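Could you build the full structure based on these sequences and the hints that come with them?
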Amino acid sequence: MNNTVISVKNLVKKFGNFVANDNLSFEVYKGEIFGFLGANGAGKTTAIRILSGLSSPTSGEVLVAGVNASRKPEDIKKQIGYMSQKFSLYEDLTVRENIMLYGGIYGMKKSLIKERTESLLEKLNFFEYGNKLIADLPLGLRQKLAFSIAIFHEPKIVFLDEPTGGVDPITRRQFWEMIYETASQGITVFVTTHYMDEAEYCDRISIMSEGRIVALDTPENLKKQYNADTVEEVFIKIARPVNN
Amino acid sequence: MKRFLGFVRKEFLHIFRDYRTLFIIFGIPVAQILIFGFAVSTDVKNAGVAFLDLSKDEMSLKLTDKIISSGFFKQTENLTSYNEIEDIFRKGKTKEVIIFEKDFAKKLISEGKANLNIIADGSEPNTATLVTNYTVAIISAFNKDLMGIQTSNSILIQPEVKMFYNPELKSQHMFVPGVITMILILICALMTSVTITREKEFGTMEVLLVSPLKPIQIILGKVVPYFLLSFINVVLILLLSWLVFGLSVKGNIILLLAESMLYIMLSLSVGILISTVSSNMQQAIFISLVGMMLPTILLSGFIYPIENMPKIYQLISYVLPPRYFITIIKSIMIKGTGFIYVWKETLILISMTTVFIGLSVRKFKIRLE
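Residue numbers (the working numbering), protein chains in the order written: chain E, 1 to 244; chain G, 245 to 613.
Incorrect hints may have been included.
[As the list claims (entries may be wrong)] Covered stretches of chain E (chain G as the covering partner; in silico rule of three or more C-beta atoms under 8 angstroms from a C-beta of chain G):
1. 71-82
2. 96-108
3. 180-187
Because the hints were derived from the structure by calculation, they are not lab data.
Predicted, not measured: the structure shown is a model, and the values here were computed from it.
Backbone N, C-alpha and C fix where the C-beta goes; we use that ideal spot for every residue, glycine too.
Right, dumping it as structure tokens:
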């Protein structure tokens, strides 16, 4: 398919004898919301680090936004946005200063940063907060702002690493509305989460267990295939196989 | 480059917005200079001295006169026998008793040497050392005068070499280099390690690492502001000690500043190394203070002379960068020597810097994996 933005073929990552990613293969398409699930220690973080250019694969071919992760991991970084569960904003800087900083780091022109800052503040209804320190902002607003900054330079893909940890249900809801909007603009959203209700919102989900992808499909198909009512049931059935 | 400058700007904002950081950077050096200069002054002024003159001849009276007129001493009493010495120390005003032996002048002229005993109040060891050192210095000056008159090359008492470069006997000469060394370690090692671990702890480091900024740019961006501020601090301390204590740099000031920059780089690389091995701010603070500050104060020759330390501590001090920097800065500031006299120490500092930078770059890369 032509609008493939992430293409992974036979990805293996070893740390010494430990195999963190065991022969992963998958594709993610443009404008898709791709859920990346798995229990702690299943190898999600390792995979995300490779996809975002922080680490290189032991073997296999990884293309992110057309860039080969083994050969030019640095070039990947310009094409992606990233937001982690920890707040990635500087608390002692104002909203505008944070935007300015990240815009600058991604090499955007000053005039462009200013223009987009204004439209962003307007969109978020943030005008009164523009010159306030992040430390003075309520948690929910920080989260929204952090996400907006992660896609401020209009990346092709945005990686969200458990973005809604520790946030109230209403903010989570609003946050997912922002994710939908972003995806509708053609930005691919690659999200990890521990909330299984959120997994239902994804276009497709993959479930990792012990370094391997054990399931990859739409939430609907997975539920049918495993004869379950919710993604949570699917997850429990395959991520923690019954051994006895 | 533009990306980098924006990042440096942000670092300055962090510093200027946090009054605690600002206080550490600019408040502490000023406070330390003033405290060491005034409160912990190790100068002697009008220290009580008593004389037990058993000869009362021309020479002993002349020397007594010279000691009293030096301005450092004030005569408390004239003793007549040895039994009075303990009593007079107990009264507390007298810090030192000087005893001239019988026939002082006669022996000096006929035999070329005469004995003079100095007894100091050892219950205040610091003052005792200082007072006796001062006295010895005055006596050696007296000796020189005598040698001018007489043809014999006799010497009464060997002068202490330490005083040689500090003829005015000012204690500021001794502590300004120490304070500079300490402040640089404090700002560079402590502050940089804390600011880098802070990014780790708050999760912003992760975001920086996935951004197009290169790791080396991130490290440099964190370090450049502290480099500039440290340099300003050195200038500030030198200015302050000149304005308040009238202490000027005897040697080449450009050389002094260049050596300071080298030492700043060394301390910064130590700071980066500390940040790579510590996982939170408390750890970074602990390692910086215990691992860097204490040795700097205790073992680098700042307060206690290295020659007087037990052998094991002397050996430890060989691996401490401050030791070499204090030697360099003392030579340039007080003795006024040029580069040829400090090139060895400079070379040691350069190689230490290289090793630390190499280590921290490696550690940083390993952490990325």
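Evaluation of the provided hints:
Coverage of a stretch by a chain is defined here by at least three residues with a beta carbon nearer than 8 angstroms to that chain's beta carbons; for the region 71-82 of chain E and chain G the count is 5, and the condition holds. Under a criterion of three residues with beta carbons nearer than 8 angstroms to beta carbons of chain G, the stated coverage of the region 96-108 of chain E is upheld, 8 such residues being counted. For a cut-off of 8 angstroms, the count of residues in the region 180-187 of chain E with a CB near a CB of chain G stands at 0, and the three-residue condition is violated.
Checked against the numbered hints above, the structure breaks only hint 3 and satisfies the rest.
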